[in-house]
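Protein chains in written order, with this note's numbering: chain S, 617 to 788; chain R, 83 to 800; chain X, 3 to 357; chain C, 22 to 120.
No lab work stands behind these hints: they were computed from the structure. Predicted model, so just to flag it, every value in this text is computed and none were measured. Heads up, the beta-carbon is just placed ideally off N, CA and C, and yes, glycines get one too. Fair warning: there could be bad hints in the mix.
[Claimed, not checked] Listed below are the simulated BS3-like cross-link pairs for lysine-lysine, each with C-alpha atoms no more than 25 Å apart in a straight line:
| hint | chain 1 | residue 1 | chain 2 | residue 2 |
| --- | --- | --- | --- | --- |
| 1 | S | Lys699 | C | Lys108 |
| 2 | X | Lys9 | X | Lys156 |
| 3 | C | Lys107 | X | Lys156 |
[To be verified] Distance ranges between label pairs, derived from CB positions:
| hint | chain 1 | residue 1 | chain 2 | residue 2 | range |
| --- | --- | --- | --- | --- | --- |
| 4 | S | Val736 | R | Gln775 | 47 to 57 Å |
| 5 | S | Pro695 | C | Val88 | 45 to 55 Å |
| 6 | R | Gln775 | S | Thr621 | 45 to 55 Å |
| 7 | C | Thr113 | S | Ala731 | 21 to 31 Å |
| 8 | S | Ser739 | X | Gly188 | 21 to 31 Å |
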Amino acid sequence: MSLDTILASAASIAAIFSALMVIWQRNAVISALFLVLNLGSVAVLFLTLGGEFLAAVQVIVYAGAIMVLFLFVITLLNPAPLKERFASGPVMTGLTFALGVLFVAALMRGIMSLAGAGGVMASVGEEYGSARSIGELLFTAYLYPFELAGVLLMVAMVGAVVLARRQTAGED
Amino acid sequence: MSFLHLIWLIPLLPLAGFVINGLLGKRMPRPVVSGIACLAVLASLVLAVGAIRDLHDQQGLADMLNNGSALSAIGARPGADGFGAVLAPTDPDHGLVLDPSIPRARQIQWTWLSVGNLSVKWGYSLDPLSAIMLLVVLGVGFLIHVYSIGYMAHDEGFARFFAYLNLFMAMMLVLILADSFLVMFVGWEGVGLCSYLLIGFNYRDMFNSARDQSCADAGRKAFIVNRIGDFGFMLGMLLILVTFGSLDFGQVFRGVHVLAQVPGSQGLLTAMALLLFVGATGKSAQIPLFVWLPDAMAGPTPVSALIHAATMVTAGVYMVCRCAALFTAAPLALTVVAVVGGLTALLAAAIACTQTDIKKVLAYSTVSQLGYMFLAAGVGAFSFAIFHVMTHAFFKALLFLGAGSVIHALSGEQDIRRMGRLTRVLPWTFGTFAVAAVAIAGIPPFAGFFSKDSILAAVFYEQPILWVAGAFTAGLTAFYIWRLVFLTFLGSDRVEKERRGHLHESPWSMVAPLVMLAFLATVGGFLGVPAFLAESVPGLHAAAEWLPGYLEPVFREAHVVGAGMGALGFHDPAHGAQVAAGSAAGHGGVTAAGEWGLMALSVLLALAGIAWAWLLHGRAGELAARLAAALGGGYRLARDRFRIDELYDRILLKPFYFMCRAADAFDRFVIDLLVNLVAIATEITGHVLKLFQTGSVRAYALSVFIGVVALVTFLVMS
Amino acid sequence: MDAAMIKEIGEIVVRMLIIFTAVFTGVGYMTLVERRVSAWMQDRLGPNRVGPQGLLQPLADGLKHLMKEDIVPAGAHRMVFVLAPILVLVPAIASFAVIPIAGDAINLQDLGLPWDWQIKPFIADVSVGLLILLGLASLEVYGVVLAGWSSGSKYPAMGALRSTAQMISYELALGLAVLPVVLTTGSLRLQTIAEAQAGTWFGFIPHWNVFIHPFGFLFLLIAIFAETKRLPFDLPEAEPELVGGYHTEYSAMKFVMFYMAEYSTMIANAALMVTLFFGGWQVPGLALSQPWMFLIQVGAFSAKTFFFLFLFVWVRWTLPRFRYDQLMNLGWKVLLELAFINLLVVAMLVAAGVM
Amino acid sequence: MPLVAYIGLSAILFVIGVMGVLLKRNALTIFMSIELMLNAVNVALAAFARHHGGLDGQIFVFFVMTVAAAEAAVGLAIFIAIFRLKKTTDVTEINLMRW
């Protein structure tokens with residue numbers, strides 16, 4: 617057991633636990649906090665996968681921006697916590713959950729075929745996942761999608777401003 | 083840089099005038115509007131004259147060809163200005179291509195269409211044939227533009243009128259300069275559109291209240307009848323495209339020469355020629371599609387003069403002449419052309435004798451004269467056809483403009499029964515009108531005499547029967563035109579009282595073009611003095627058959643491989659040397675005496691017609707009425723235009739309406755029923771399906787998820 | 003546990019000891035400095051009773067707060083209420099992990115100690131150190147927003163919303179302001195950035211980024227004032243308007259944690275400015291043998307950092323407060339654009355080969 | 022940790038996210054569950070990238086984050102608008118798309 621494996625296992629357990637808590641909690645704020653924990657665990661997983669830059673971006677973008685926005689909206693609106701945990705009755709919930717388990721089982725069966733020689737991680741150099749290497753790829757091979765992503769963010773920004781804007785008198 | 087490089091500008095300038103006047107005309111003062119319109123045409127005229135001069139500058143052409151590489155280095159960037167000029171040896175596909183032997187200058191500007199193997203280039207070509215048409219159209223067009231300044235002075239749609247007129251000029255120039263069938267078709271349709279717009283110019287006014295027709299209806303009629311012809315043109319084009327794989331004139335005609343050698347190809351060639359001729363009958367108002375032209379008189383008179391007398395209606399003749407190679411390769415088609423032309427000439431002249439509307443008379447006269455042109459083309463005398471196009475443009479435009487001047491003076495009166503004794507009031511108009519009348523009647527030495535006589539002489543040797551019709555028509559022509567003169571200007575004063583107060587001679591802008599045209603109608607004929615005449619009259623040597631000689635290279639090219647030429651003595655290859663020398667056209671060994679005899683006969687016929695007109699209408703008396711009564715049914719038939727409109731109504735429109743109603747019923751009760759059944763089924767299905775539309779996004783997501791699970795499970799298990 | 007492992011762990015522990023001790027001491031004494039300096043500026047004495055010149059005052063304050071009653075309001079969400087101050091403090095402290103305090107590692111034997119341990123001048127050597135700093139700065143928002151929400155009362159909620167909006171807004175300008183430095187240095191590793199500022203121009207002007215990116219520094223300074231919610235941008239806790247902002251309901255040790263977080267953020271940001279723009283631990287033209295080099299570099303770093311801490315205090319007691327809409331306008335409509343233009347210009351100059 | 026473990030973890034996280042979307046009543050939590058799913062996919066992408074030794078998978082993660090950010094911004098704005106209208110976050114109450 618290397619340090620990496622210990623770290624990855626711990627992060628995996630944390631990720632699964634926090635994900636479960638996200639959907640178990642009735643209070644949206646607590647859910648959001650567990651989601652942050654989940655995102656942090658995933659960032660650690662990225663680190664163990666050699667994604668140093670990715671982990672940093674995960675923290676900055678997901679935890680630092682997206683989830684803050686979630687929390688900001690939740691606290692801004694401050695809706696009363698809902699009484700029911702789930703939307704459907706217990707039978708429906710149970711069935712849906714069973715469906716999920718079936719899905720995981722099916723996926724696992726498929727994933728297991730990767731085990732053995734097919735699932736070996738490639739050995740990578742020092743530069744793997746660094747800001748420089750990612751940046752080089754982004755600005756060369758993926759320049760076009762990168763620019764499109766910029767446009768997407770721009771559109772989203774305008775859309776968000778328009779949607780969330782309170783309609784003042786005189787407008788219809 | 084010679085004027086030949088600027089050919090592209092010739093149609094573009096009037097188009098620019100159209101754009102400017104069309105967009106901004108309403109906001110500009112009238113002098114500016116008319117100034118732009120006239121200057122655009124004038125500038126085109128200057129460019130055209132310059133280009134034609136350069137075309138015949140042998141030295142210049144040689145220099146340009148020799149310096150081809152140097153020049154092409156200057157103008158060789160086809161993309162740079164879009165019209166880069168390149169000379170032949172270096173790059174034949176772009177810019178200027180010179181052929182000094184014709185002489186011909188082609189300017190191919192860009193590839194317009196490129197579909198599969200078909201590649202149509204937008205190109206112009208200038209050769210003697212298009213040069214003559216160019217000068218006629220631009221010259222007469224410019225005069226009529228000037229005339230319109232005065233004629234339309236009081237009209238609300240001043241700017242609109244000049245915009246349309248300029249657009250027409252642009253389209254006509256495209257038609258003339260076209261280097262391929264498709265480009266010609268653009269101009270062809272463009273002038274048709276302008277014709278429609280201008281006929282219906284006063285679209286609110288009634289044109290024929292008896293038949294409840296507005297001017298817009300007249301325009302529509304012209305357009306629809308033309309569409310029938312255009313359809314023929316289009317089919318002909320497609321047939322040519324399928325056969326030769328190209329629409330470029332040069333390639334097609336080379337293909338024709340090759341095809342003509344193939345035994346059994348006559349049917350195909352005849353079909354092509356006849357289909358194109360259908361287009362020509364539409365545009366040039368020949369039997370059976372001539373019915374639109376008289377109604378086209380609903381347009382303002384300058385329009386009638388420009389479009390429906392001098393230029394557009396001759397497009398059909400021009401097209402047939404342009405396709406001379408094709409028509410000569412299909413003798414049967416050529417015969418059809420001649421027969422149709424002759425019959426139209428006769429029929430229209432007969433109708434013209436009975437009409438009482440001044441413009442209607444002139445309209446039928448136009449149809450009749452166009453018939454002459456086709457008659458000439460039909461016997462292979464293409465250069466005489468073009469000669470007549472030219473002289474006709476001069477005197478018929480003059481007649482129309484004179485008629486316009488009369489109408490203008492009489493505040494819109496068009497019925498010659500309510501005119502008379504106008505010589506004093508309209509001296510200039512009368513003078514010039516009389517010149518035109520003499521010219522059309524065929525009295526030497528006016529323009530009409532030479533062209534008509536040349537045609538009749540050519541016809542006499544090719545189709546003697548048609549010559550009879552032609553000669554008789556000549557007499558009729560002299561009769562009806564002088565009937566018009568006598569009724570309008572001479573005789574008793576029958577002008578209505580309320581119109582008398584406004585009587586006045588037209589302003590200078592109208593009179594000046596009249597004088598100019600009168601001059602042309604007087605001397606225009608000397609461009610084509612028959613050879614025997616020129617030889618016998620001192621000082622005319624230089625003028626001997628100048629125009630046919632000038633045009634000859636174009637038509638000689640059409641006869642390079644004279645398939646089926648044996649029947650045509652006029653352009654028999656046996657006389658090729660003679661023809662090329664530009665001297666006597668040969669006429670298949672006709673003697674000078676025979677020529678003299680024919681000429682004398684036609685002059686006699688013309689004089690007889692004039693005398694007859696004077697007898698009937700020039701002096702007081704009941705002779706005309708008594709004659710009309712004596713002729714009875716025949717007269718009424720001619721007066722009612724042989725009831726051809728009604729005939730079309732009966733045999734074409736009625737069955738067509740019936741078919742339409744049947745189709746309508748079928749559509750309503752069969753197709754709609756099916757469609758409605760489908761719609762009802764869809765609606766019912768929708769009503770059932772909407773039950774699943776709970777509005778709960780979670781439910782939708784769940785169904786998606788079930789599908790995903792099923793799919794993944796299936797994939798993993800298999 | 004073999005010797006190598008002991009050595010490795012020992013090295014890490016010593017590094018952490020040095021840095022965190024320094025930070026906590028710094029935080030404690032910053033409270034004193036603030037009170038003394040403000041008193042000095044207002045011609046007062048300030049706390050000078052506990053120990054000589056009041057030097058033991060922080061200790062006394064800490065003790066006092068420890069013994070106070072820890073109140074959790076009735077309407078509060080208990081778990082989050084407890085979690086919030088921790089979430090504020092941890093990122094603030096964690097920031098120091100990547101900030102280098104000296105150039106080269108030092109061997110404890112050089113200091114006369116018996117262990118042959120190489121002590122690096124930072125806790126974690128991360129190649130994306132600057133990103134980590136920015137990420138941690140953005141995480142501080144959580145504590146603030148949760149503190150406001152969990153208090154279950156209006157003033158803290160308002161204060162939290164204000165703080166959050168303000169911090170999110172100025173984070174962008176902050177990030178954009180430091181990017182030019184990254185562009186010219188070509189690294190996100192703070193030690194590399196500090197090392198790149200060695201040397202001088204003409205022998206007397208230090209090769210510091212502040213002289214290359216004066217605007218970047220200016221924008222960073224303004225953004226940091228807003229990030230730390232200090233005057234003139236202390237709207238979230240503006241006493242006359244919001245009583246005390248998001249930590250109104252907090253008391254005892256939890257309140258101390260907020261307080262500590264504020265000061266440690268200040269120190270971290272000051273250190274960041276020093277590292278990015280003022281050569282970090284660089285002392286121009288100095289070349290000595292270990293351990294003196296190490297000690298002098300640490301001293302230089304501390305001195306520079308203290309200068310900025312003093313600036314914070316100085317400004318706080320000098321300038322008036324902005325209005326909230328002015329603050330937002332400044333952030334979104336002025337600072338962001340200017341920082342962006344600055345970045346663009348620098349990027350163009352770099353591309354053109356000028357920088 | 023071997024590739025299989027990462028991918029398995031990704032699958033589990035993904036299904037938990039799906040469960041959240043299907044079962045939760047609070048629109049905000051549903052939204053968070055979507056983020057969970059996106060993250061699960063990110064783990065798989067990064068793991069496969071490491072497996073192949075290339076960086077393209079990480080680039081994809083980068084783009085997924087971009088899309089997630091855009092989605093969060095617009096989604097939350099929509100959510101605010103809906104909350105203003107219906108005064109609730111309960112999706113069972115929000116069925117405007119019903120026939």
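Verification of the hints:
1. Simply put, Lys699 (chain S) and Lys108 (chain C) have alpha-carbon atoms about 16 Å apart, close enough for the 25 Å limit, and the pair holds.
2. For the given pair, Lys9 (chain X) sits about 52 Å from Lys156 (chain X) by alpha-carbon distance, which is inconsistent with the 25 Å threshold.
3. Note on Lys107 (chain C) and Lys156 (chain X): the hinted pairing holds, with a Cα-Cα distance of about 23 Å set against a maximum of 25 Å.
4. For Val736 (chain S) and Gln775 (chain R), the Cβ-Cβ distance of about 49 Å falls inside the hinted range of 47 to 57 Å, so the restraint holds.
5. Evaluation of the 45 to 55 Å hint for Pro695 (chain S) and Val88 (chain C) yields a failure: the beta carbon distance comes to about 26 Å.
6. Checked against the hint of 45 to 55 Å, the pair Gln775 (chain R) and Thr621 (chain S) passes, with Cβ atoms roughly 50 Å apart.
7. Between Thr113 (chain C) and Ala731 (chain S) the CB atoms are about 42 Å apart, so this pair departs from the stated range of 21 to 31 Å.
8. Taking the beta carbon of each, Ser739 (chain S) and Gly188 (chain X) are about 27 Å apart, inside 21 to 31 Å as hinted.
Going through the hint list in order, the structure does not satisfy hints 2, 5, 7.
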